[in-house]
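Protein chains in written order, with the UniProt record's numbering: chain A, 1 to 522; chain B, 1 to 339.
Source of the hints: derived by calculation from the structure; they are not laboratory data.
All C-beta atoms in this analysis are idealised placements derived from N, C-alpha and C, irrespective of residue type, glycine included.
Hints may be right or wrong, so weigh each one.
[Unchecked claim] Quick partial rundown of chain A residues pointing at chain B, CB under 8 Å, derived from the structure:
1. Cys-124
2. Trp-125
3. Arg-190
4. Ile-192
5. Gln-196
6. Arg-219
7. Cys-221
8. Gln-264
9. Phe-269
10. Asn-271
11. Cys-278
12. Ala-316
13. Val-321
14. Arg-376
15. Gln-380
16. Arg-385
[As the list claims (entries may be wrong)] What follows is a list of derived Cβ distance ranges for each label pair:
17. A:Glu-306 <-> B:Ile-240: 36 to 42 Å
18. B:Thr-110 <-> A:Val-321: 46 to 52 Å
19. B:Asn-104 <-> A:Glu-261: 28 to 34 Å
20. B:Asp-145 <-> A:Lys-167: 38 to 44 Å
21. A:Ala-80 <-> B:Pro-321: 53 to 59 Å
22. B:Asn-72 <-> A:Lys-51: 29 to 35 Å
23. B:Asn-104 <-> A:Arg-166: 49 to 55 Å
[Said to hold, decoys possible] Below, computed lysine to any residue pairings styled on SDA-like, alpha-carbon distance capped at 25 Å:
24. B:Lys-52 <-> A:Ser-317
25. B:Lys-52 <-> A:Asp-299
26. B:Lys-227 <-> A:Asp-297
27. B:Lys-24 <-> A:Asp-275
28. B:Lys-62 <-> A:Val-382
29. A:Lys-280 <-> B:Pro-321
30. A:Lys-283 <-> B:Ala-39
31. A:Lys-280 <-> B:Leu-23
32. A:Lys-260 <-> B:Ser-214
33. A:Lys-29 <-> B:Lys-265
34. B:Lys-105 <-> A:Ser-317
35. B:Lys-265 <-> A:His-84
36. A:Lys-280 <-> B:Asp-82
37. A:Lys-344 <-> B:Pro-321
38. B:Lys-52 <-> A:His-84
39. A:Lys-333 <-> B:Ser-214
40. A:Lys-220 <-> B:Thr-114
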Amino acid sequence: MAEGSRDHGGAGTTTDPEEDSPNMIVYRKIEDIVTRIQDEKAGGVAIRTVKSFLSKIPSVVSGADIVQWLMKNLSAEDPAEAIHLGSLIAAHGYIFPISDHVLTLKDDGTLYRFQSPYFWPSNCWEPENTDYAIYLCKRTMQNKARLELADYEAENLARLQRAFARKWEFIFMQAEAQVKIDRKKDKAERKILDSQERAFWDVHRPVPGCVNTTEMDIRKCRREKNPHRVKKSVYGVPDEGQSQPSPVHSSSQPTRKPTKEDVQKEISFLNIQLDRHCMKVSKVADSLMSYTEQFMDYDPFVSATEPTNPWISDDASFWDVEASRDPSQQRVKKWGFSLEEALKDPAGRDQFLKFLESEFSSENLRFWLAVQDLKRRPLQDVSARAQEIWTEFLAEGAPSSINLDSHSYERTSQNLKDPGRYSYEDAQEHIFKLMKSDSYARFLRSNIYQDLLLARKKFLSQQDDYWHSTTLKHLLSIHGYQIIKALDLSAMCPRLIARFLLLHYDLLSAKHKVEPRLMLYV
Amino acid sequence: MRSPPIPEMATQEVQLSETLAHLKTESDTLKGKLEEERAKLHDVELHQVAEKVEGLGQFVMKTRRTLKGHGNKVLCMDWCKDKRRIVSSSQDGKVIVWDAFTTNKEHAVTMPCTWVMACAYAPSGCAVACGGLDNKCSVYPLSLDKNENLAAKKKSVAMHTNYLSACSFTNSDMQILTSSGDGTCALWDVESGQLLQSFHGHAADVLCLDLAPSETGNTFVSGGCDKKANVWDMRSGQCIQSFETHESDINNSSEADREVAIYSKESIIFGVSSVDFSLSGRLLFGGYNDYTINVWDVLKGTRVSILFGHENRVSTLRVSPDGTAFCTGSWDHTLRTWA
Numbered sequence: 001m002a003e004g005s006r007d008h009g010g011a012g013t014t015t016d017p018e019e020d021s022p023n024m025i026v027y028r029k030i031e032d033i034v035t036r037i038q039d040e041k042a043g044g045v046a047i048r049t050v051k052s053f054l055s056k057i058p059s060v061v062s063g064a065d066i067v068q069w070l071m072k073n074l075s076a077e078d079p080a081e082a083i084h085l086g087s088l089i090a091a092h093g094y095i096f097p098i099s100d101h102v103l104t105l106k107d108d109g110t111l112y113r114f115q116s117p118y119f120w121p122s123n124c125w126e127p128e129n130t131d132y133a134i135y136l137c138k139r140t141m142q143n144k145a146r147l148e149l150a151d152y153e154a155e156n157l158a159r160l161q162r163a164f165a166r167k168w169e170f171i172f173m174q175a176e177a178q179v180k181i182d183r184k185k186d187k188a189e190r191k192i193l194d195s196q197e198r199a200f201w202d203v204h205r206p207v208p209g210c211v212n213t214t215e216m217d218i219r220k221c222r223r224e225k226n227p228h229r230v231k232k233s234v235y236g237v238p239d240e241g242q243s244q245p246s247p248v249h250s251s252s253q254p255t256r257k258p259t260k261e262d263v264q265k266e267i268s269f270l271n272i273q274l275d276r277h278c279m280k281v282s283k284v285a286d287s288l289m290s291y292t293e294q295f296m297d298y299d300p301f302v303s304a305t306e307p308t309n310p311w312i313s314d315d316a317s318f319w320d321v322e323a324s325r326d327p328s329q330q331r332v333k334k335w336g337f338s339l340e341e342a343l344k345d346p347a348g349r350d351q352f353l354k355f356l357e358s359e360f361s362s363e364n365l366r367f368w369l370a371v372q373d374l375k376r377r378p379l380q381d382v383s384a385r386a387q388e389i390w391t392e393f394l395a396e397g398a399p400s401s402i403n404l405d406s407h408s409y410e411r412t413s414q415n416l417k418d419p420g421r422y423s424y425e426d427a428q429e430h431i432f433k434l435m436k437s438d439s440y441a442r443f444l445r446s447n448i449y450q451d452l453l454l455a456r457k458k459f460l461s462q463q464d465d466y467w468h469s470t471t472l473k474h475l476l477s478i479h480g481y482q483i484i485k486a487l488d489l490s491a492m493c494p495r496l497i498a499r500f501l502l503l504h505y506d507l508l509s510a511k512h513k514v515e516p517r518l519m520l521y522v
Numbered sequence: 001m002r003s004p005p006i007p008e009m010a011t012q013e014v015q016l017s018e019t020l021a022h023l024k025t026e027s028d029t030l031k032g033k034l035e036e037e038r039a040k041l042h043d044v045e046l047h048q049v050a051e052k053v054e055g056l057g058q059f060v061m062k063t064r065r066t067l068k069g070h071g072n073k074v075l076c077m078d079w080c081k082d083k084r085r086i087v088s089s090s091q092d093g094k095v096i097v098w099d100a101f102t103t104n105k106e107h108a109v110t111m112p113c114t115w116v117m118a119c120a121y122a123p124s125g126c127a128v129a130c131g132g133l134d135n136k137c138s139v140y141p142l143s144l145d146k147n148e149n150l151a152a153k154k155k156s157v158a159m160h161t162n163y164l165s166a167c168s169f170t171n172s173d174m175q176i177l178t179s180s181g182d183g184t185c186a187l188w189d190v191e192s193g194q195l196l197q198s199f200h201g202h203a204a205d206v207l208c209l210d211l212a213p214s215e216t217g218n219t220f221v222s223g224g225c226d227k228k229a230n231v232w233d234m235r236s237g238q239c240i241q242s243f244e245t246h247e248s249d250i251n252n253s254s255e256a257d258r259e260v261a262i263y264s265k266e267s268i269i270f271g272v273s274s275v276d277f278s279l280s281g282r283l284l285f286g287g288y289n290d291y292t293i294n295v296w297d298v299l300k301g302t303r304v305s306i307l308f309g310h311e312n313r314v315s316t317l318r319v320s321p322d323g324t325a326f327c328t329g330s331w332d333h334t335l336r337t338w339a
């Protein structure tokens, strides 16, 4: 849809589309914070000159002061959060430690300085290696301890000398020129500027092992309005067009003006939206609240699981239990929440089907399942499968005939003239509603469901365990071991034993006289 | 050939632009009306209604597993339905299948492109899909034979005209939903590679999508660089609903009917890259560009917990299918599971 001409409430002054980019938004927020911190009159920190050893250190602030300010003014709940945020602000180059290349914030007396707006990341710096070479070269020319190159910087310089071997004279000259310009500045000012310049390069050529915060998500790179714009040099070196193109994809959708059709589409869409029935927030809130309440018992993050969460205990039994077709009471309870929940769980589906079969009304569910399956088939199978479903459930004299109202029936048979994955949508919806209002309710009241829910059978069978084994023993003692011998009864569950007894009752009764009472109990 | 009468053409043009202006006015009026209607329905704030709800206790969530092996930024991950396996993709072009519980790598595929921005696990657990700068979505069946070269069985399914930003299987191995930098989403038949349905409506790159969780659901939501989140009907290709919120790109989305609450804090200034809800919907996990994960109480709108651990941006976050853990992928080359 074409973007409307709406003003973005409040901010409205910027017309630069670049301002909308996600990075810019973050930068503006940081800049706002940094500006506020430096505003001593408005509750900011005191930026002072600190006396150290033989000299003075101008324009610094302690890490602890910054952390405190962040905690107070940004409602950070604990120091850890404030330190983390402060470190990120440093990593992006807005504040920096005066005696370290690594850009993090420490909650102690370590001294920090603020970056000059000239070097702010929001200026979209993408400094070239030529600039970096000039910078490193310049540093070697100045005979000051504080400007000595770190190991990694010396390595970088060596690499650049090799890469720019041909134009090294030019770089050298540029570096000399920069040194001349710098010498003209006031001593204190120079200290500050040198440190800011160094911090700039710490962002764009970070210490190995540190995060390079200038890395961009490639999806956002594309949005540069002018990807091939001339990149400005830090030292005013004219761009010789040697820059390597960054991995930018040219937009395949040139922004075009909205046409009549676009606006007409927008209008019809808006009309649909207006007609759409929307709920009040209070109602939405209520339904959201009842949903979360219902499911909170099943949410491992909120309620402890039984057995314990495998990720915490390193024990996978929780998953083994869940995978067994023998559902826990809690799981069975979930089937009662809604028909959707019952059908989501394969065990629930099975039990519901079993119940329906006992009522000889399973065709509805089987139809519903068949249509679900149809939607999951590869395209080439769809047509044939759709026909099969028709034959099985809807055709005249179908073996599992379902009951559809005439309207749905008509529509479905129309759909089948050109069979597709959604040919049975209407019918499926109708049948689902039917099941929901009728058989599902009865299922929840049924013995099959109630037994599982109240774990009745389990309880009973535990009692019968003992009984059956004694009965069996009794039987055996009277009637001999011929049949039993072949089977390992200790491995059989009581239910199976009971069934076994039933099955072989005839045999036993024919051969030996057994009390009918026995059979009834089982 | 006679040249067209100039005055007539000029009148026609004027007429056209008048109609366009008319339409724009109509559209703006409707937008205004819609806003009015929505404002009327906004009778209360969610957290006000939720005041009577019991607060959540203290949470002790931490990293339970760290998966190391990618050579560059991890861009995407997805869970297998077996609740312990995951697939992850990276800028280094590799797609790795892990058993996150044991931290073992089970499969690895090298894609022909870098920046593999999307990956997904098939519901059956027998295949994975992935894509990125190659503009395609390819499906790789996972072989039990470790020696078999997975790349050989690769199936190219989706074709876009720009990068693939996200992909997801629907309820079956047979259909895949994709979103792309070309501004569209599409539904594909895996077997034949045929396009089943395309979804047009975003004015810029589509960055993410999420399917409605129900078995009977036929909708999904997509979010893009045009600051819109659109809800689509998979059957017809129509956009059912549209939300225009946020100041900028929508990086991630989770099914919802309307914007009910905004989760923000003064101390959080970096963007969210990925979100997901806990099983009950009570908790919302957000992976942020400031390397942290913030956990929100959805009803009360308060931040419950902040989790540190990653050393660079969190690029992807998903809760496991049974809600026992969530997994994050980061630009620090690692993945972590938290519980």
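Evaluation of the provided hints:
| no. | hint | in the structure |
| --- | --- | --- |
| 1 | Cys-124 | 16 Å, violated |
| 2 | Trp-125 | 19 Å, violated |
| 3 | Arg-190 | 33 Å, violated |
| 4 | Ile-192 | 26 Å, violated |
| 5 | Gln-196 | 23 Å, violated |
| 6 | Arg-219 | 6 Å, holds |
| 7 | Cys-221 | 10 Å, violated |
| 8 | Gln-264 | 6 Å, holds |
| 9 | Phe-269 | 7 Å, holds |
| 10 | Asn-271 | 7 Å, holds |
| 11 | Cys-278 | 6 Å, holds |
| 12 | Ala-316 | 7 Å, holds |
| 13 | Val-321 | 11 Å, violated |
| 14 | Arg-376 | 3 Å, holds |
| 15 | Gln-380 | 6 Å, holds |
| 16 | Arg-385 | 12 Å, violated |
| 17 | A:Glu-306 <-> B:Ile-240: 36 to 42 Å | 40 Å, holds |
| 18 | B:Thr-110 <-> A:Val-321: 46 to 52 Å | 38 Å, violated |
| 19 | B:Asn-104 <-> A:Glu-261: 28 to 34 Å | 55 Å, violated |
| 20 | B:Asp-145 <-> A:Lys-167: 38 to 44 Å | 55 Å, violated |
| 21 | A:Ala-80 <-> B:Pro-321: 53 to 59 Å | 32 Å, violated |
| 22 | B:Asn-72 <-> A:Lys-51: 29 to 35 Å | 47 Å, violated |
| 23 | B:Asn-104 <-> A:Arg-166: 49 to 55 Å | 51 Å, holds |
| 24 | B:Lys-52 <-> A:Ser-317 | 37 Å, violated |
| 25 | B:Lys-52 <-> A:Asp-299 | 20 Å, holds |
| 26 | B:Lys-227 <-> A:Asp-297 | 36 Å, violated |
| 27 | B:Lys-24 <-> A:Asp-275 | 20 Å, holds |
| 28 | B:Lys-62 <-> A:Val-382 | 46 Å, violated |
| 29 | A:Lys-280 <-> B:Pro-321 | 31 Å, violated |
| 30 | A:Lys-283 <-> B:Ala-39 | 14 Å, holds |
| 31 | A:Lys-280 <-> B:Leu-23 | 30 Å, violated |
| 32 | A:Lys-260 <-> B:Ser-214 | 38 Å, violated |
| 33 | A:Lys-29 <-> B:Lys-265 | 13 Å, holds |
| 34 | B:Lys-105 <-> A:Ser-317 | 22 Å, holds |
| 35 | B:Lys-265 <-> A:His-84 | 15 Å, holds |
| 36 | A:Lys-280 <-> B:Asp-82 | 38 Å, violated |
| 37 | A:Lys-344 <-> B:Pro-321 | 13 Å, holds |
| 38 | B:Lys-52 <-> A:His-84 | 34 Å, violated |
| 39 | A:Lys-333 <-> B:Ser-214 | 19 Å, holds |
| 40 | A:Lys-220 <-> B:Thr-114 | 16 Å, holds |
Checked against the numbered hints given earlier, the structure breaks hints 1, 2, 3, 4, 5, 7, 13, 16, 18, 19, 20, 21, 22, 24, 26, 28, 29, 31, 32, 36 and 38 and satisfies all the rest.
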